[in-house]
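Protein chains in written order, with my numbering: chain A, 115 to 491; chain B, 115 to 491; chain C, 115 to 491; chain D, 115 to 491.
Copies of the same chain look alike in the list, so a pair counts if it fits in one copy or across any two.
With a cut-off of at most 20 Å between alpha-carbon atoms, the simulated EDC-like pairs for lysine to aspartate or glutamate come out as follows:
hint, residue 1, residue 2
1, Lys116, Asp151
2, Lys490, Asp459
3, Lys421, Glu351
4, Lys116, Glu369
5, Lys116, Glu375
6, Lys445, Asp224
7, Lys236, Asp224
8, Lys382, Glu454
9, Lys116, Glu155
The set of hints was computed from the structure by calculation and includes no laboratory data. Here the structure is a predicted model, which means the values were calculated and not measured.
There are 4 protein chains.
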Amino acid sequence: MKRPLIMTPGPTSIHEEVRRSLSEQITNPDLDMHFFDFYKETCSKLQRVLKTDNDVLILNGEGILGLEAACASLIEPGDRVLCIDNGIFGNGFGDFARMYGAEVVYFKSDYRKAVNVLALEKFLDNDNAFTVATLVHCETPSGITNSVEQICQLLNKFGIISVVDSVSGIGGEPIETDKWKMDIVLGGSQKCLSAPPGLTFLSISEKAWKKILNRRLPIAGYYVNLSIWKDWYQNREFPYTQPINDIFGFHTAIERWLSDENPLLRHKVIGEAARKSLIEAGLELFPLEGFSNTVTTINIPENTKFKDVFNSMLEDHNILIAGAFGFLKDKVIRIGHMGENCYEDRLYVALKALDNVFRKNNVKLNVELHKAFISKL
Amino acid sequence: MKRPLIMTPGPTSIHEEVRRSLSEQITNPDLDMHFFDFYKETCSKLQRVLKTDNDVLILNGEGILGLEAACASLIEPGDRVLCIDNGIFGNGFGDFARMYGAEVVYFKSDYRKAVNVLALEKFLDNDNAFTVATLVHCETPSGITNSVEQICQLLNKFGIISVVDSVSGIGGEPIETDKWKMDIVLGGSQKCLSAPPGLTFLSISEKAWKKILNRRLPIAGYYVNLSIWKDWYQNREFPYTQPINDIFGFHTAIERWLSDENPLLRHKVIGEAARKSLIEAGLELFPLEGFSNTVTTINIPENTKFKDVFNSMLEDHNILIAGAFGFLKDKVIRIGHMGENCYEDRLYVALKALDNVFRKNNVKLNVELHKAFISKL
Amino acid sequence: MKRPLIMTPGPTSIHEEVRRSLSEQITNPDLDMHFFDFYKETCSKLQRVLKTDNDVLILNGEGILGLEAACASLIEPGDRVLCIDNGIFGNGFGDFARMYGAEVVYFKSDYRKAVNVLALEKFLDNDNAFTVATLVHCETPSGITNSVEQICQLLNKFGIISVVDSVSGIGGEPIETDKWKMDIVLGGSQKCLSAPPGLTFLSISEKAWKKILNRRLPIAGYYVNLSIWKDWYQNREFPYTQPINDIFGFHTAIERWLSDENPLLRHKVIGEAARKSLIEAGLELFPLEGFSNTVTTINIPENTKFKDVFNSMLEDHNILIAGAFGFLKDKVIRIGHMGENCYEDRLYVALKALDNVFRKNNVKLNVELHKAFISKL
Amino acid sequence: MKRPLIMTPGPTSIHEEVRRSLSEQITNPDLDMHFFDFYKETCSKLQRVLKTDNDVLILNGEGILGLEAACASLIEPGDRVLCIDNGIFGNGFGDFARMYGAEVVYFKSDYRKAVNVLALEKFLDNDNAFTVATLVHCETPSGITNSVEQICQLLNKFGIISVVDSVSGIGGEPIETDKWKMDIVLGGSQKCLSAPPGLTFLSISEKAWKKILNRRLPIAGYYVNLSIWKDWYQNREFPYTQPINDIFGFHTAIERWLSDENPLLRHKVIGEAARKSLIEAGLELFPLEGFSNTVTTINIPENTKFKDVFNSMLEDHNILIAGAFGFLKDKVIRIGHMGENCYEDRLYVALKALDNVFRKNNVKLNVELHKAFISKL
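Could you put the whole structure together from the sequences, leaning on the hints where they help?
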């Protein structure tokens, strides 16, 4: 397999240091006491990323497993769950809640904007009898970041447990789990932390643990059951054999993030420069506001086909970009600027290629994308 | 972390080639068409290991996920499920079936012997109204291998779908999925195939697919739902982002197994020599018959404590061995001879250390373990 | 050791693929017949780089070893040797010739220009009683490339054996060993081929071999004696144990070069853009003509100190650039754009940093270096 | 290239940790001040291996370069040099001395025994007008270790500078450079220290430096000239660009040796057990006394051909063993037990294969080699 430059909204390029860690010799993670400490230390580092004292767990599965585990463990049949929905991922969250028996109520907000917090507040003033609310920090398909700061504090005011999918937010967008009263925050290894895909992690507040551990009915599943993790460290026993090489790699990836000078500022600067250059060139962003700093979504220019742009980027420039799915299928192009890909030389290369591909596809551009980009930095 | 020699029944040592594959640069597994073919090719290689034309899937999770996914996808509330039980793992299988609504009936067989097939046949002649039966190929905690050859053909005769946990069997014990009419066979990456822990895989017969796809009720979960994989290749769409580095490593590990001259014979020869040397020294195996060729379980000699043997092996010789759990906790020592650890020099080193540790713990041995071992090869 | 971006005129960054090859398990290079073929194949690939059918040897030592070996093996006490000298390296070549007994005659040419071929021709018309002539393809300290095409053909016309140091030329500047009648061409692993430092190689024409093998006096040394290599392949015997890991890495590096679309054009485009941007900014190149495409040398701007620029590049930007030595010490800055470092994103990053450092050191620049650079591509 | 197990007297297997160090990203070793300290620290570690406070240098070349550099730098035309000769390497040392102008006098000693120190003493009582003496610590072709302890102290008594080739001794045989008054001790990276081939190193006493720096005539060569290294650290200037990746690997290899519990005892125990088992089987060692602990040389049994044993070991068992050259060509088999290959499991595997190959070649053996071997441990 020839390896392209993957400027997609995750997985991202993985730094060689991280890949070297992946390839270290292993011990038996069930029997070697050192590994329990290593795993715990990895969780502690994630606490620093998430700014939280809450428990953090790393599960052996893709991001969707974290999301499902949160729903499965928290929600009991009959629970009223508020699904805050301003995009494909936000909406889909409701399906997982319903799968575990929730009565789901949707708060809908414009799909091209960040969640309207004032409207949400008004909505909650009217109806707040929810045990749990689900929301998405960064709507990866549309490139919109929601104000989890305001929303989670609002939910907290009403005593509602917040479950936040921040898979493509963590590491690229500010997050203050404890200060913002976020109950469950979920992430994946392969986005802004730039580890390989395969791990998901979540922080769990005391309030969330209380609900999980005081259910009337058992949790419907083992692999999605968070309660089996409750005392793993005290007991030195994992619910299943841990993917030790993946943990090695993830540990190094988190260390890289933590030792980086200011990764959040970097994402902000690069994200803004990318957007401004695209706009200046005359292209249209899909979001009208609430722009994500980790992924930029632009509408496919008229008379252009996504497939042509995608293929030309790959074949002529060896760069992978993404489209989207659902109602956005074939309508948008997405460029990831996450983690290891969020550097100016990477974007320079990607935007120069995109400039070239657009022109070949007869898209009129007011400026050269890559030059506009570097002039905004 | 100092890395010991891990002579445990999985995870095993991982060959450097496999670890190098883990550390290769990645592409985006959701968007790069080459990866779909690579994943498929990996599954094809597993078909060769399992001797089957059935579909094979690799899931992003530990072995227990494969087991749960099989139960969750196959079993509907009310299904009568036969749990063939001659050990801790066999018995626990019933819990998973019950979790997904099964009415579980246990066929119990002596925990120190392979499943009594004649007794099972008699049992089934009497009562065979089961949709599904669960069984374990190799009971890892006790070191017993069951005759899946006879049992699965028997179950098939009665139209019962067999679900076989062969996590510690595949790659070390003979398996003929199609010939022996095994409906679902599950494995893990970290046992006799000597890849890192983190992946589980299963082969699924037409009969099993039919039941999965013609349920009355939906499957209670997403991550454990096998039906969402049905047309992944035709649609070039995975249910979630695949753990591409793990798949790289697993691919290489399977290739190594396939290009090995006769790995099954190697496991047989090493397993037999290990058992014979331990017996000749005067030690007692836990199993009375049905000895596994991938893990050997011996009873802790009188006046000896597991913890002392374990610690001394680790501290004085830097070798990790295993005990067991459940009713075997502190009663047995387990030595894995799986995959990359199933070579005479590895066993020589481990048995020499064990000989030394036993003597220091005042265990009388009739022969020197390592010398007895090499004389049996 | 923290690793900086090394934008120096060699060693260059080494691609991960090359470093992975370095780390492969080895065989015994003296006894394993496969290695003789591997080494030979590596030489054949170098023949393709050098465009020659002449023998190519790889020696276990730095570039200077190749140069010394050529002098030691070719030159006999009393030989009249012409030293073509338009720079520090060209001049130093004469010292090596003299060390091995030559009566050295210098042809001096302006140190800020390529060798004046017309003047050389006139010189030779007058006096051409030389057995050997030494010259440098690319004067690394000053950043000047000489026309080996014209010079070697001229020398050949007079029957003079040419010995060309192309250490920093090969792989970055055009070279046509056979067509241009170059007798001995020497290179090093760590320049435009971007392998680790530690190997030198040379191509040897029939005419050169004849002189080496028909000396009156023995060669004064073993490690520098090329004649001991004469039939290494036929005899399957190396003069000493070969540095097999280095050869593994070098092999991969050469393969990368050969499979690159047009590395010479890449060096030309990047080299030109770098020079033009520096000039447009108001800086002064050291060379007046004969600009190298692999290294650019600029005069230190007035009121600026090399050490300040060097330190600031390293400390504030983690980029290593070079100064020079001899009469150029503290007078110039050198930026390498060789091999793996000869890509626009690398130069973009380096020139942006340099722009910043110059401004901090009160150097007035007419344009922004990095922006000027990308506008020239 | 398929990689065999290389049980040859160097190069040896290289530990994965060492190979990983080889593959690290580099800095510019000429310009990065950290590298000067790293190189120096590597030399300091070698001082600990050699038990010396003398300067240690690492040169970019094979072992033979160290030997030649010592001769070239020390010896002036007309110097009387004593060549202590009890083997092929000892004898050849004289050729290097002569190449640099020495009048060489040979002290011959039985080629199947260690140097006769009493005879040497008597010889020196008679004639001791030598500036320099050359000797070999471990005669790799014959597997004989000389008493450098006695010889160097004896030479010192007569004021003669000793130059000791300990390429296959260092790391496997005791060495006390300062206590035993060894003036120059030379080694190679690829023997008992188990780094890749490509580096040589030497320790240089004050007495040796004095001679080198106070010559009447210049040293005839640059690459072999030790005097150019005199103040490399103070000046932060290497005579040529250092092979940084090789130094990385060597550093790790030396660290492994230093952190090993008792590598010299390990070589002694393994060496003795190997010899005893071969003798017990009825085979004949080439040496009559002075057995090396790093390589064992046995005479080819009657009616057997070296080529057959060599080929069968390689083809049937994937193990490389060595023969020898010169007068030993086709007469002996050599098995290395050096560095990473000096472990009982390695010898067990090699001797089991050799047992099998000998029997297939109709060599009568009194015992099974591998079983005899482990019974001697």
